[in-house]
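Protein chains: 2
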Amino acid sequence: MKQWKHAFKLDPNKYLSEEGIRAVCESGTDAVIVGGSDGVTFDNVWELFEKIEPYDVPLVLEVSDMEAVVPGFDYYFVPSVLNSKDKTWVLDMQHQAMKTYGDMVEEQLIVSEGYCIVNEEAKAFQKTNCFPVTEEDILAYARLVEHLFPLPIFYLEYSGKMGDEALIRKVSEELSRTQFFYGGGIQSKEEAEALEGFVDTMVVGNIIYEDLETALQTVPGSKKG
Amino acid sequence: MKQWKHAFKLDPNKYLSEEGIRAVCESGTDAVIVGGSDGVTFDNVWELFEKIEPYDVPLVLEVSDMEAVVPGFDYYFVPSVLNSKDKTWVLDMQHQAMKTYGDMVEEQLIVSEGYCIVNEEAKAFQKTNCFPVTEEDILAYARLVEHLFPLPIFYLEYSGKMGDEALIRKVSEELSRTQFFYGGGIQSKEEAEALEGFVDTMVVGNIIYEDLETALQTVPGSKKG
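Chains as they are written, first to last, in the UniProt record's numbering: chain A, 1 to 225; chain B, 1 to 225.
Do not rely on the hints blindly, as some may be mistaken.
One copy or two, either will do: identical chains are not told apart, so a pair holds if it fits within one copy or between any two.
[Claimed, not checked] Straight-line distance between alpha carbons at most 27 angstroms, and here's what the computed DSSO-like set of lysine-lysine pairs gives:
1) LYS123 <-> LYS85
2) LYS127 <-> LYS85
3) LYS99 <-> LYS170
4) LYS189 <-> LYS2
5) LYS85 <-> LYS2
6) LYS9 <-> LYS127
7) LYS99 <-> LYS85
Quick caveat, the hints were computed from the structure, so don't treat them as lab data.
My request is simple: use the sequences and hints to build the entire structure.
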């Protein structure tokens with residue numbers, strides 16, 4: 001997981017053709033993450049899992065709802081939304097997971113992510129009752145996760161729009177032990193390449209559903225484009 | 001810090017004579033923690049710090065109020081109250097600390113504690129707006145801190161009453177990487193000895209102010225009593 005440079009995120013509540021799924025899974029990406037902000041159910045996660053399971057790529061379920069935990073994934077990422085106003089999204093779901101899936105944690109299948117959701121227009125921002133963050137806030141969250149709450153992943157989520165490159169660079173400077181995930185608004189090979197130097201793992205989502213060919217070009221070393 | 005078996009906790013809002021302070025600091029305890037649930041101010045922390053600073057024992061300030069952070073301690077423990085209902089007590093104070101004291105974190109002076117406050121009658125329970133916990137809750141918090149939110153310390157706080165020994169033993173079985181602190185209701189050498197086998201660090205507080213001689217006997221290897 002530490003080596004992942006690129007991941008695609010598939011939304012179980014969105015439609016992608018069998019061919020599209022094949023292209024994503026065989027793109028050379030390092031992982032396929034299943035997750036979404038709304039309409040995620042056990043049934044649609046299961047349906048998507050059955051389609052991606054045959055491919056030889058690490059599969060991650062990003063757990064946003066304990067009711068939609070489908071067995072069989074390689075990893076279960078449990079987000080902790082650092083800039084949520086509610087403790088529910090920070091710790092309570094993780095606590096619940098420990099009660100229900102305590103055994104899995106010893107097999108290191110469950111991985112916690114420290115999320116900072118920046119884009120106030122994003123569904124995830126509203127759903128998890130986030131407060132707006134300044135640059136100072138973001139850097140302090142990164143430092144918090146690097147040192148005081150040593151989670152394996154810091155996930156900077158712009159969700160739908162591209163983040164400020166100078167800020168992303170500053171965040172990367174705060175993180176050495178922590179794996180730095182970036183998601184949001186990556187729409188081209190050039191944007192992906194610009195992030196490569198200072199983001200550990202970039203996550204490409206929406207563009208898959210809007211322009212699959214361009215999405216595939218974001219994979220590092222992609223021959224297309 | 002990993003080797004500490006015993007610590008005394010001094011409350012800056014309670015009076016202890018100079019002789020009492022000397023006895024505590026020279027007792028053979030592994031550390032002196034300064035902290036309290038209410039009435040903690042910069043002034044009374046400073047006053048207590050000046051009295052204990054001359055002694056050759058590690059000094060810890062347990063930060064419950066960012067306004068009362070006095071410089072000069074060997075460690076700053078920042079509690080994160082896992083069973084609080086409010087995110088304020090879980091993450092926000094830590095986030096604030098990263099903004100104000102970001103540099104100190106790199107010198108590893110700041111240490112986060114995952115607190116679980118059990119005794120519903122305790123001031124700390126009420127002040128941090130905790131919800132009551134079952135045995136299952138407590139064990140799941142321990143597991144959470146051991147695996148998913150890997151804090152250096154899990155602090156089981158009974159605050160004023162002695163915890164259930166069977167439960168304390170079960171908690172200790174969940175923790176191997178994490179340092180297990182126990183506090184609350186230790187009133188005798190025998191109670192302290194009973195905990196030694198499965199608690200990493202026991203914290204003795206209230207009894208200092210009620211019966212200093214007995215308090216001193218809780219130090220492992222104490223010749224008194």
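Status of the hints after comparison with the structure:
1. LYS123 <-> LYS85: both (15 angstroms within a copy, 24 angstroms between copies)
2. LYS127 <-> LYS85: both (11 angstroms within a copy, 19 angstroms between copies)
3. LYS99 <-> LYS170: between (37 angstroms within a copy, 15 angstroms between copies)
4. LYS189 <-> LYS2: Close inside one copy (22 angstroms), not across copies (48 angstroms); limit 27 angstroms.
5. LYS85 <-> LYS2: Cα proximity of LYS85 and LYS2: none, with 30 angstroms in one copy and 34 angstroms across.
6. LYS9 <-> LYS127: Within. Shortest intra-copy distance 19 angstroms satisfies the 27 angstroms Cα cut-off; inter-copy 42 angstroms does not.
7. LYS99 <-> LYS85: both (24 angstroms within a copy, 18 angstroms between copies)
Checked against the numbered hints given earlier, this structure breaks only hint 5.
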